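**Student:** Relying on the hints, combine the two individually framed chains into one complex.
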Amino acid sequence: MATFDRSAGSPFVYKLAIYLVLILVAAAFLLPMFVMVVTALKPMDEIRSGSIFSFPVDPSLDHFGKAWLSACSGLSCSGLSEGFWNSIKIVVPATAFSVLAGAVTGYALAMWPFRGAKALMTALMIVAFIPYQVILYPIVRIFSTIGLYNSLPGIILIHVIFGLPVMTMIFKNYYIGLPQELIKAARIDGAGFTRIFVSIILPMSPGILAVTTMMQFTAIWNDYLLGLIFAGRDNLPMTVQLSNIVHVSMGEIEYNVNMAATLLTALPPLLLYFLSGRYFVQGITAGAVKG
Amino acid sequence: MTIRNLQAKLAVLPTVVVIAVCFLGSICWTAYISLTRSGIMPNYTLVGFQQYVRLFSTERWIVSFGNMFIFGGLMVAGTLILGVGLAIMIDSKIRFESVFRTIFLYPLSLSYIVTGLIWQWLLTPSIGIQQFVRSLGWESFTFDWIIQKDYAIYTLVFAAVWHQAGLIMAIILAGLRGVDEEIWRATKLDGISKTRVYAQVVLPMLKPLIMTCVVLLAIAVVKSYDLVVAMTDGGPGNSSDLPGRFVIDYTFDRANLGLASAAAITMLITIVAVITPLFYSKKGQQ
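Chains as they are written, first to last, in the numbering used here: chain B, 1 to 291; chain F, 1001 to 1286.
Bound conformation, chain F alone (with noise of 0.2 Å):
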């Protein structure tokens, strides 16, 4: 018996390697890096929180960070709101739901790099919607949030909700099909509206599921860097920026590892500070 199990440790031992090297041993590595006074290369004199005071008064940083909170509120509401909404739409029985769903769905195989450059063309107001409009007549029709610094970000959403709504619904959908039928049934026969019953009984029983669409979402909103590269590329100047582009820049192009490494480790307690919760909440509710 002892042998047999020595086979299973070791097939699992290249996977225990990679855990302790790659991930945990890297984040200790950079969570150690952004307590130094590290530039182009990695320098092991300790300077206590140095670089992420550093960070948080620069001005690029603060923007991005914010930028994160903007673009995540926005998409994630937007992707639930809309996933959610087509997965009840589609559960109602309709005809041709197969074609719905694949026409849902098949963003989410592109790749952020198409999905950005796509909403990118679709967006540039001397080629795209605003110059569809204008051609109609309408000749001061102005949708140009792409090129202007306050607005850029918010084109990002867009481009992230088509992308991802069709895995929301896709998850939802799973679950509505996983609903007693009974449910609907009994309140079928005393009379409730079926707006009710999704209110009420139904999304309710899914809220487990939906935390886990909004952990999933989250997640793709603080790792985002595709995206932000193929449609702004952080565009105009630095208004639409986000973290996951800052920490790449300033690891690969601007040879700044102690800030980086700051900006990187800020990224990572962003996502326990959301997810924990989150996470708790779950747990509670099974």
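Okay, chain B solo, but in the shape it has when bound (with noise of 0.2 Å):
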């Protein structure tokens, strides 16, 4: 223990181990990354002859319009950009409706106490837990009765009603943190539970609204599970036709194409991490801390 206590007493060898270490891990976290990047950019003889981090000597964009018009998957040729669109036309009403579904649930929740509510917030805390796995089988039954397998409506409400628990914990959480004085003035002034949401609570819900839309359309652009088997043939998303391109055993691998193909698919969500973390943060930290 000496030594530690002489150490804290040198704090520029501490910083300077605690950069050098940072700087390590940081290095190692990228390299994945880096990887990817260059791969992609490589002609395939450069692949087999050189490194895995060598930079590329004769760089180019090709790979990526073959992974984005052309790639083969086991079904067609013709490439990741109709997952790209089938991905569009499932997340984007997927994070609109479940975010707006979490903002009502949570408000009503929140402010407008009844008998049962609290059942209901365990009852959903609970049922976060739950793994896919255990309920898949009986709702694929229920959606194939009210003939919404295997369509865009259906993988559309799948995704809501798995994002509902925690979109509802969160928005209850934050609204029950406002003053209750500002909706008890409304509801006396003769305001009802629609007007108070449209015109006092959602006003005030910018912030938490960017933030559950933000993990939302993370969540469902990096779905997997429930676009195999919920979208059908029609609506596959970009991260099941990742892999099936990536998967098909046809001829010589060509790395520069998967690898391109796989960035593509990484893209939108990595971008929207770069361009708004500060809200990914939150949304991560609000939901772990809280629940």
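Just so you know, the hints here were simulated from the structure itself, not pulled from any lab data. Each hint should be verified, as a subset may be incorrect.
Unchecked claim - Cβ pair distances, simulated, as ranges:
#1 F:Val1053 to B:Ser60: 56 to 66 Å
#2 F:Ile1040 to B:Ile146: 20 to 30 Å
#3 F:Pro1014 to B:Ser151: 40 to 50 Å
Note that the structure is predicted; figures quoted are calculated from it, not measured. Don't be surprised by glycine CBs; every beta carbon is placed ideally from N, CA and C.
**Tutor:** Right, dumping it as structure tokens:
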């Protein structure tokens, strides 16, 4: 222990060591991304002869074009673009609806107390822990009975359903912290449930709406399992198509095209993260610290 | 008043229906099916715990179930150590804090499919890290865990730690920032080293938060599906299979509903068994 005490006395050495470790770990964290980018730019003979960490000698963007337009999965050779648009068609409405559903439910639970509200919150917290595998098949049967299985509305609805527990908890925790007097005053003035929500609550929620929108966009874009099972052949999201393209086992594996495809799939949530990481951090910590 | 409350009740009605039908109802259905002889189609004749007996004599399940504990134990331990370590280092008033934070957290924005594919390439012997080290002149260097039956499961740990460490860092950092400055001032006056303050005062204070992290990671472990599909697809053979993949495979490809349901319920029981004690110890702390 004595040595530790002394090192605390020389903050310079201490700090230097910290920077060194942080820089090494940061480099290790960036390395996989670096490999992905340089490999996507290299022609195949360079990949075969060189090392994975070397910069491309003769870089080319062709592989991105191929990954986007003509890479083959088991089903067709139309590239990832189809999956990209399918993902957009799924993610945009699913994010909007699940955030809205969470906001309305959280608002009702936080500001309009009724018997059973507490039990409902407990139930929401418990179901947030359930692995998909336990409930997937019964939901598939329900969806096929009502004609939603293998359809665009079906995959959107399933994302809204699975997002509901966490979204509701986040909004409820946020709204419970708002001054309740605001609502009381509005109620005395005769404003109802919907009006208070639209004209008082929503204008006070831009931050939390940004956080939850980002969380859901990322989660739904990155989903693989639900898309695989619920979307149906015509609506397969980008992650599923990426997996199909990469795992197709015909001819020589084109690592550069595969890495380009992976990069393209990773790009939307990655861009969102780099552009507004603050909300991303708030989202994950809000979900964790309070839950 | 009652009419207004009625609107609130109407607003939560869809949530109640979803919880009752999609979550609780579906669990009951799966639990019931796990006690029947269901194969391709559901069959409602009860046969007791036969499916569970069959499950735990199925070689592939035993491997998957054991893998969950190997993968889970190492992943939770590794992620916690790295995440807490990074949080403490970042908390010691360094420059470029936001740059470091951004770097440590970016993998979390990637999907497990993308994460799995990147790491698969890095670890494939003929093109990845092994090839790189060999090209530097160390011709006999071998790092081929991903194609070794006994080691493939460990490669998943690398990818999962890389993906999740930033999450733990962010959560713990938020906790560290909430620690009373007074504690630091008092201990500094007493000449107590920072290392000791962290080990004996600050981290014990954050125990509830660390428990939350363990719960989050444990749930991620039990749910794991995409990562193993992208990275090893359970291979070589089924040596790196995990319960999440086992259930999906037996439900949708092999159409063995009874066995898949028994496996799914076992997953659920595992989660409950892991979470309940953690939850109570967290309650006890508060």
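**Student:** What hint numbers does the structure not satisfy?
**Tutor:** 3
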